[in-house]
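Per the numbering used here, the very first residue in the sequence shown carries number 127; after that it's consecutive.
Don't read these hints as lab results, they were simulated from the structure.
These numbers were taken from a predicted model, which means no experiment stands behind them.
Take these hints with a grain of salt, some might be off.
What the hints assert, rightly or not - Quick list of the computed label-pair ranges, beta carbon to beta carbon:
1) His-252 / Pro-190: 41 to 51 Å
2) Arg-160 / Ala-138: 20 to 30 Å
3) Asn-261 / Gly-191: 45 to 55 Å
4) Gly-226 / Gly-191: 25 to 35 Å
5) Leu-246 / His-176: 33 to 43 Å
6) Asn-261 / Thr-189: 40 to 50 Å
7) Ser-144 / Gly-226: 13 to 23 Å
Yeah, the Cβ is synthetic: ideal placement off N, Cα and C, and Gly gets one too.
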Amino acid sequence: MVYLTGNCMCGAVTWTYSGALTRNLVCHCADCQRATSSPVTAFLGMKPEHLNWTGEIVHYESTPGTFRGFCSSCGTRLYFRSRKWPSEIHVHAATMTDPGEYQPDAQVFMRSRVKWLDRLQSLPAHQGFQQAPSNSADTP
127 MVYLTGNCMC GAVTWTYSGA LTRNLVCHCA DCQRATSSPV TAFLGMKPEH
177 LNWTGEIVHY ESTPGTFRGF CSSCGTRLYF RSRKWPSEIH VHAATMTDPG
227 EYQPDAQVFM RSRVKWLDRL QSLPAHQGFQ QAPSNSADTP
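Generate the whole structure from the sequences, applying the supplied hints.
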């Protein structure tokens, strides 16, 4: 059994979980890539009855019976839930209070894995942006 907490980017939505995890995966599927605008999605499978939410969550039905929840204020993707797995909710690991503590135990849908991930270790690494941002008033 684990006890975990998390929140969206702006803090308007928070969650707490106390129970056993059902999944602990990094997903490379095309649906997750599109839904999160990211090459991978790390998530934790949780039992809905042990998961508590505060704040307003908006849902998008990405395919029939599959709902993706996000914060109505900042748009942070929080989870997906599907009729395919009625006793689970898949919470995005990046929303954990300390996402650095996340320890996946599997990767799935490797056939959809983006090839450039193989090059990451060989690319120059920086602690911040390579170039300082401009002070342009044009940015939102």
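Pairwise beta carbon distance, Arg-160 to Ala-138, judged against the given window 20 to 30 Å: Because 24 Å falls inside the window, the suggested range holds.
Range hint compliance [Cβ, Gly-226 to Gly-191, 25 to 35 Å]: holds (33 Å)
Supplied distance hint 40 to 50 Å, evaluated on CB atoms of Asn-261 and Thr-189: The hinted range 40 to 50 Å holds for Asn-261 and Thr-189, with Cβ atoms some 43 Å apart.
Supplied distance hint 33 to 43 Å, evaluated on CB atoms of Leu-246 and His-176: About 35 Å separates the Cβ atoms of Leu-246 and His-176, which means 33 to 43 Å holds.
Pro-190 and His-252 - C-beta distance against the hinted 41 to 51 Å: Distance hint for His-252, Pro-190 holds at roughly 43 Å.
Range agreement (Cβ of Gly-226 with Cβ of Ser-144, hint 13 to 23 Å): holds (21 Å)
Satisfaction of the hinted span 45 to 55 Å by the C-beta atoms belonging to Asn-261 and Gly-191: holds (47 Å)
Violated hints for the displayed structure: none, as all numbered hints are satisfied.
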